[in-house]
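Asker: Residue-level listing of the chains:
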Amino acid sequence: MNSLLLGSIPQIPLAHCIDNFVDWLVQFTGFFNAITNFIGSINNAFQWLFDIIPIWLFIVLVIALTYYVNRDQQNWGLLIFEFLGLLLIWNLDYWRDMTQTLTLVLTSSLIALVIGIPLGILMAKSHTAEIILKPILDFMQTMPAFVYLIPAVALFGIGMVPGIVASVIFAMPPTVRMTNMGIREVPDELIEAADSFGSTEWQKLFKVELPIAKTSLMAGVNQSMMLSLSMVVIASMIGAMGLGTKVYFAVGRNDAGNGFSAGLAIVILAIILDRLTQSLTRTRRKN
Amino acid sequence: MFISIPRMGDLMSTNKSTKVEVKNLTKIFGKHINKAKELSRQGKDKSEILKETGATLGVDRANFKIYNGEIFVIMGLSGSGKSTLVRMINRLIDPTDGEILIDGENLMKMDKKELREVRRKKMSMVFQSFGLLPNRTILENAEYGLEIQGVDKDTREKKAKEALETVGITGYNDEYPDQLSGGMQQRVGLARALANDPEILLMDEAFSALDPLNRTDMQDQLLDIQERLHKTIIFISHDLNEALKIGDRIMIMKDARVIQTGTPEDILTHPADEYVEEFIENVDRSKVLTAGNVMIRPMTVNIEKAGPRLTLKMMKANEVSTAYIVNAERKLLGVVDANDVIKLVREKKGDITPIIQTKVPTTEEDTPISDLMDDISQTGIPFAVINDKKQLKGIIVRGAVLGALAGNEVSDFE
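Each protein sequence line maps, in turn, to chains A and B. This note's numbering runs 11 ahead of the 1-based position in the first sequence. This note's numbering runs 38 ahead of the 1-based position in the second sequence.
Calculated from the structure, these hints are not laboratory results. This structure is a prediction, so every number in the text was calculated from the model and none was measured. Note that CB positions come from ideal geometry on N, CA and C, so glycine has one too. Certain hints may be false.
Estimated spans, in silico, between C-beta atoms of each pair [said to hold, decoys possible]:
1) B/E342 <-> A/R82: 32 to 38 Å
2) B/K150 <-> A/T139: 17 to 23 Å
3) A/Q84 <-> B/N211: 21 to 27 Å
4) B/Y313 <-> A/V125: 43 to 49 Å
5) B/E152 <-> A/H138: 24 to 30 Å
6) A/A75 <-> B/E143: 14 to 20 Å
Looking at chain A on its own, in the form it has when it is part of the complex (with noise of 0.2 Å):
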């Protein structure tokens, strides 16, 4: 029943509009086949990455890892948690899936990097930047996940790119945001020093605004990887392996046992990057 006032006006034929332009942008097939094979092609080499490292090796790397970066202030607990949890990814039999979970996470975290903090910059620079990108930000946030693999799937075919592709337009935000933030936050005497001194954009922007807003860009790289980390059971619907894979399949076969198992290595690899990351962003001095 609809009112009398509305039923006078047409409906906007909103979805076939969107549909059309997939439908127009398909006929790029060249320019979104190179993107597939150059998203495809760093996909592979981590792959092949981790398929060559042994996992015995695999898991002294990473504690290694954690042990360097934590160097001055050691963290002794997340080694231990490291070392039993990864273990216990081994034992359950889900070692290829993790690092395909974890490709897909670095692959997807890395593209949004490095469209992400100069867009960042460049939206702290200009303020028409900011103004177009700000809506675009938060349209991509909220729109639900789940519809970026629609056209993902048009473009890119299926497999692991099209989920990367979701995944970097969903955890992209933000890095540009806190980018941004952090640029905008560097206090106007270190500015106006910068430029007094003859600095030229490029000098200031490498020597003052970076290093300075690099807490919080580091902040914003975190998340971004944690929010492709939460992408990683959607993208599995449009076949990219993993252990979102295992996980969807479990409850297509109403097996909480597999699901929570699944479940629970995600959640282990993800305290693993998020604690890895965080570690980066603390700030080290030289003595």
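Add chain B to chain A, keeping to what the hints say.
Answerer: Showing chain B alone in chain A's frame:
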């Protein structure tokens, strides 16, 4: 034969080449700039213009010359436009109107690259809250100006170290700014500015954030450095005492306009209007001078570290007959007299506690000198200035009070 020894002022008058010339310099913030300009020409003041147009008059048609090698103090209360003015001299703020000539070259006609060269080679700035980069060490901070010019690592390190030595900061090269006290940080700020070997130093309220003792020290040090380096210094201040002390010439601003420019002597003897007069009256010493303004550094002995021998040695080195005894937290315990200490040393005793005289007159930093006058003239021991935690901040000796009351800073220029 009569030989006259030339004084600083005379030397300057014979060698008065213009370093910086400012013509009709104007800055209006906000919209309706032309309307605001028109109103200011009609003689409306800052608040009227703000009310009618919404535009804020930052600086209104300032005209002045700054001579080579002088300390030119721009003075005014907050909102008078002095900070805007100094930022227009290196174009951190772009003027709405007017000209800035440095060595005859018009800064307003320069493109970005030329302006950058001037900022790199000709002038450096020192900031009120220091503006040091928190992620860089002291040495790296001092190197900044040279680093961005592409000077190689060895040369810039050498120059930065020299500059740090000039301001009296050695041994802190690898510390970070937040590990240093305010006074030390500002010395680093000054060193960073000096490392470029600029001809002009712009100092924006450079000592305002420091506590009184440090401020006095820094003023003395600036005069000392100026004696050696002969820079042209443009110094922004809201403190007339400071302006009178360090300025060769002073320019007083009020509500975006220049009220008077002249030597400290001129300003004290021929104030241009009531505003300046009122300003000067406010320096009427005993009223504004507080204990904090006139206190000097005492010779202190930490009782937890020193026995009679060390105490005596320190007293000899400092040429004092009274030493102030404090504990490790700088809490004042009392004073000792040199004669008593000598006696202890002769008797080969190891503890100075028995000879400490605990009856010391004390006061606080913000007590006006006028309240202390009577007591000071009666007691023999200098007043100890302490804070609410009973920590010793400084002492007041009779000579310093009388000097300040007699207007010592002023008489220096007479």
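Asker: Each hint should be assessed against the structure and marked as holding or not.
Answerer: Each hint tested on the structure:
no., hint, verdict
1, B/E342 <-> A/R82: 32 to 38 Å, "holds, 36 Å"
2, B/K150 <-> A/T139: 17 to 23 Å, "holds, 21 Å"
3, A/Q84 <-> B/N211: 21 to 27 Å, "holds, 25 Å"
4, B/Y313 <-> A/V125: 43 to 49 Å, "violated, 59 Å"
5, B/E152 <-> A/H138: 24 to 30 Å, "holds, 27 Å"
6, A/A75 <-> B/E143: 14 to 20 Å, "violated, 59 Å"
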